[in-house]
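Listed below are the residues making up each chain.
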Amino acid sequence: MRFISTQNRRTIITLFLVLAIISEMGAYVALTPRPTQQFFQFYVLGKNGLARDYYPQNNPDLRLASNISWYLGVTNFMGNMQLVEIRLKLGNETTTPPNDTTDTPTSAPELLAFDRALMDNETWEFPFVWSITNDTTIAGTTRILTVQINNQTYQTSDWSALKGYNFRLILELWVWQGDTNTFEFGWGNSAGRRTAWLQLWFNMSSIGPPPP
Amino acid sequence: MRYARHYLNESQMNVFKWLIVTATILIALIMITPFYGRAQISLTLQPGLGQAITAVNNAEAAGAYPNEVIPLVALLNRALELNQEASTLSLNQTGEHDQLISGASRILANVTNQANDLTTKSAQRAYSNKIITYASGIIIAVLGTFAYVAIAEFYERYRIKFTFQMKVKRK
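Going down the list, the protein sequences come from chains L and C. Be aware that the first sequence starts at 1, since it is given in the numbering used here, and climbs by one per residue. Be aware that the second sequence starts at 1, since it is given in the numbering used here, and climbs by one per residue.
Treat the hints with care, as some may be off.
Said to hold, decoys possible - Chain C regions said to be covered by chain L (calculated; three or more residues, Cβ under 8 Å):
| no. | stretch |
| --- | --- |
| 1 | 46–57 |
| 2 | 60–67 |
| 3 | 98–108 |
| 4 | 132–142 |
| 5 | 145–151 |
Claimed, not checked - Computed beta-carbon distance windows for the label pairs:
| no. | chain 1 | residue 1 | chain 2 | residue 2 | range |
| --- | --- | --- | --- | --- | --- |
| 6 | L | 28 | C | 171 | 53 to 61 Å |
| 7 | C | 44 | L | 28 | 24 to 32 Å |
| 8 | C | 129 | L | 133 | 53 to 61 Å |
| 9 | L | 30 | C | 121 | 16 to 24 Å |
Worth flagging that the hints you see were computed from the coordinates, not collected in a lab. Where a beta carbon is used, it is the ideal one built from N, C-alpha and C, also for glycine.
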């Protein structure tokens, strides 16, 4: 070609190298996954799937056998499949809640756990319908004896509150750790360790269910 | 042929009566006793579950597509359901309990095997994709250079042609 013979070949080689570097940089960017923030979203919703109406007539003073409908949900934004566990714990006014600074769970007794493997970006939401089916009051202390959760009756131990005030349901998010083959409270990411937990307060009155 | 009839005497009747009452009470207690405690992952399942999760995570890291991982996650959840079901059985249902746990173990082993196969397949595919992508970069650079050379050649021909077509005028 006349052009090549007359022009400086350096121009062509330089041009090829520049184009190659640019296109290889584009290929590298296309092949390298972008770093994303790794976290879980953990929530509880009221009976209409909204962040309200958690108790009948918005009254947290519960009676025996009154049904409370919630929705529990977890969304996985960790970038890969994760096995999660929601632990339901029973507390009262004096219960020490989970500690976000030291990443320690509450020492309150655990009643129940829900497990699920979640894909990246997947949301797991399920109904959580519960009611207190049996309680007793001795010397001003109300003790909840049995709870029905999703049509299954569970016996509780040591769940009491003075005059029935300030009972708590504490929900903690535990995540499976591959290196220890156990669930651990919270999860680790590039920013350190994170935890997620929720608590809902209520009072217990030993009167029967409200009239329909 | 005659059969000899055997009647229980009074003390035997009493023992028999108490046996029936005790058995009835025990059965009733088992039936109405509410669950106490949580549905833990069975200790038998824990190593298998750990292996299955690691295998699925490896498959994802190797570049498996979400639609390939979904069936494995569904199987994992099925194993967890069986574990949950087993944990709700009473102590006298050990046979059924063991059956459910062994079913869950089989599912987890199946997930691990499938995930390992998927890891190999995904790694090969990711490697091929990488080579194709980087090779495409070189091809684009070559094509770009050829395009430049062709345009430059065309431009120079045009300039030569234009130069020879020029007319010189005296001022």
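We went through each hint and held it up to the structure:
1. 46–57: holds (count 8)
2. 60–67: Held - the stretch 60–67 of chain C has 3 residues with a Cβ nearer than 8 Å to chain L, which meets the minimum of three.
3. 98–108: violated (count 0)
4. 132–142: Our answer is that it holds, as 8 residues pass the Cβ test (under 8 Å) against chain L, meeting three.
5. 145–151: Per the Cβ count (3), the hint holds.
6. 28(L) / 171(C): 53 to 61 Å: 60 Å, holds
7. 44(C) / 28(L): 24 to 32 Å: 46 Å, violated
8. 129(C) / 133(L): 53 to 61 Å: Holds - the Cβ-Cβ distance for residue 129(C) and residue 133(L), about 58 Å, lies within 53 to 61 Å.
9. 30(L) / 121(C): 16 to 24 Å: Holds: the Cβ-Cβ distance is about 21 Å, inside 16 to 24 Å.
When the structure is compared with the earlier hints, violations turn up for hints 3 and 7 and for no others.
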